[in-house]
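Visitor: Sequence:
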Amino acid sequence: MKPSSSQLALSVGRRVAMACVAALLLAAGFWTSWGTAQHVLLSKGREHGTLSVTECGDTACTGTYDPEGPVGPRAGAPIERSVAVKKGRDYEVVLKPGTGELVRAGSSGALLAWVPLGGALLLAAPVVGGGLRMTRTAWATALAGAALLAGAFFAL
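Residue 927 is where the sequence shown starts when you use the working numbering, and the numbers rise one by one after that.
Take the hints with a grain of salt, since some may be wrong.
Label-pair ranges, simulated between beta-carbon atoms [what the hints assert, rightly or not]:
{"hint": "1", "residue 1": "R940", "residue 2": "R1007", "range": "38 to 44 Å"}
{"hint": "2", "residue 1": "A1070", "residue 2": "G1032", "range": "43 to 49 Å"}
{"hint": "3", "residue 1": "R1062", "residue 2": "P999", "range": "31 to 37 Å"}
{"hint": "4", "residue 1": "S932", "residue 2": "R1007", "range": "52 to 58 Å"}
{"hint": "5", "residue 1": "R1015", "residue 2": "L967", "range": "20 to 26 Å"}
{"hint": "6", "residue 1": "L936", "residue 2": "A1066", "range": "34 to 40 Å"}
{"hint": "7", "residue 1": "L936", "residue 2": "R1007", "range": "46 to 52 Å"}
{"hint": "8", "residue 1": "T1063", "residue 2": "G983", "range": "38 to 44 Å"}
{"hint": "9", "residue 1": "W1065", "residue 2": "E1018", "range": "33 to 39 Å"}
{"hint": "10", "residue 1": "R1062", "residue 2": "T1025", "range": "40 to 46 Å"}
{"hint": "11", "residue 1": "S937", "residue 2": "T976", "range": "56 to 62 Å"}
{"hint": "12", "residue 1": "E981", "residue 2": "P1052", "range": "38 to 44 Å"}
{"hint": "13", "residue 1": "G961", "residue 2": "F1079", "range": "18 to 24 Å"}
{"hint": "14", "residue 1": "A1001", "residue 2": "G1032", "range": "20 to 26 Å"}
Computed list of lysine to aspartate or glutamate pairs in EDC-like fashion (alpha-carbon distance at most 16 Å, straight line) [said to hold, decoys possible]:
{"hint": "15", "residue 1": "K1013", "residue 2": "E981"}
{"hint": "16", "residue 1": "K1012", "residue 2": "D984"}
{"hint": "17", "residue 1": "K1013", "residue 2": "E973"}
{"hint": "18", "residue 1": "K1022", "residue 2": "E994"}
{"hint": "19", "residue 1": "K1022", "residue 2": "E973"}
{"hint": "20", "residue 1": "K970", "residue 2": "E1018"}
{"hint": "21", "residue 1": "K970", "residue 2": "E994"}
{"hint": "22", "residue 1": "K1012", "residue 2": "E981"}
{"hint": "23", "residue 1": "K1022", "residue 2": "D992"}
{"hint": "24", "residue 1": "K1022", "residue 2": "E1006"}
Honestly, the hints are just simulated from the structure, not real lab data.
Every residue gets a Cβ at the ideal spot worked out from N, C-alpha and C, and that includes glycine.
Whole structure, please, built from the sequences with the hints as guidance.
Guide: This is the structure in structure tokens:
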């Protein structure tokens, strides 16, 4: 039996809506991750150094920042508080240009920066699988998100 034009329009509309939701989730995850990841991945020409965390507040941790080069250490440099930052430890960091804020550098910093994208991939997988009926793509999306989150977890 051939589907009617209203059934066809409903099917196409559902697919378009689900594709928009999946695209919105992935775009939001990428945009959120890129805010930090750009400083870690494109760090050439940026100020690098080591942060020794001395105290942590509700939203940020501070410590002594020792930049590479002739500039001496300075106290009170902030880094965003997360499970990846602990008092009494030293971290490789990159200074965000135009601010005094530091972000973790290296492979662990890169993985931590992409955590929001990993979560977005996991959230988009059921939308792709159920709404778009693309089960193989949904599994690949979910596995990519899980691998990214697991990598970040083990980088801690």
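Visitor: Look at each hint and say if it fits the structure.
Guide: Cross-check of the supplied hints:
no., hint, in the structure
1, R940 <-> R1007: 38 to 44 Å, "holds, 42 Å"
2, A1070 <-> G1032: 43 to 49 Å, "violated, 22 Å"
3, R1062 <-> P999: 31 to 37 Å, "violated, 53 Å"
4, S932 <-> R1007: 52 to 58 Å, "holds, 54 Å"
5, R1015 <-> L967: 20 to 26 Å, "holds, 23 Å"
6, L936 <-> A1066: 34 to 40 Å, "violated, 28 Å"
7, L936 <-> R1007: 46 to 52 Å, "holds, 48 Å"
8, T1063 <-> G983: 38 to 44 Å, "holds, 43 Å"
9, W1065 <-> E1018: 33 to 39 Å, "holds, 35 Å"
10, R1062 <-> T1025: 40 to 46 Å, "holds, 43 Å"
11, S937 <-> T976: 56 to 62 Å, "holds, 57 Å"
12, E981 <-> P1052: 38 to 44 Å, "holds, 41 Å"
13, G961 <-> F1079: 18 to 24 Å, "holds, 21 Å"
14, A1001 <-> G1032: 20 to 26 Å, "holds, 23 Å"
15, K1013 <-> E981, "holds, 6 Å"
16, K1012 <-> D984, "holds, 13 Å"
17, K1013 <-> E973, "violated, 23 Å"
18, K1022 <-> E994, "holds, 15 Å"
19, K1022 <-> E973, "holds, 8 Å"
20, K970 <-> E1018, "holds, 14 Å"
21, K970 <-> E994, "holds, 13 Å"
22, K1012 <-> E981, "holds, 9 Å"
23, K1022 <-> D992, "holds, 15 Å"
24, K1022 <-> E1006, "holds, 12 Å"
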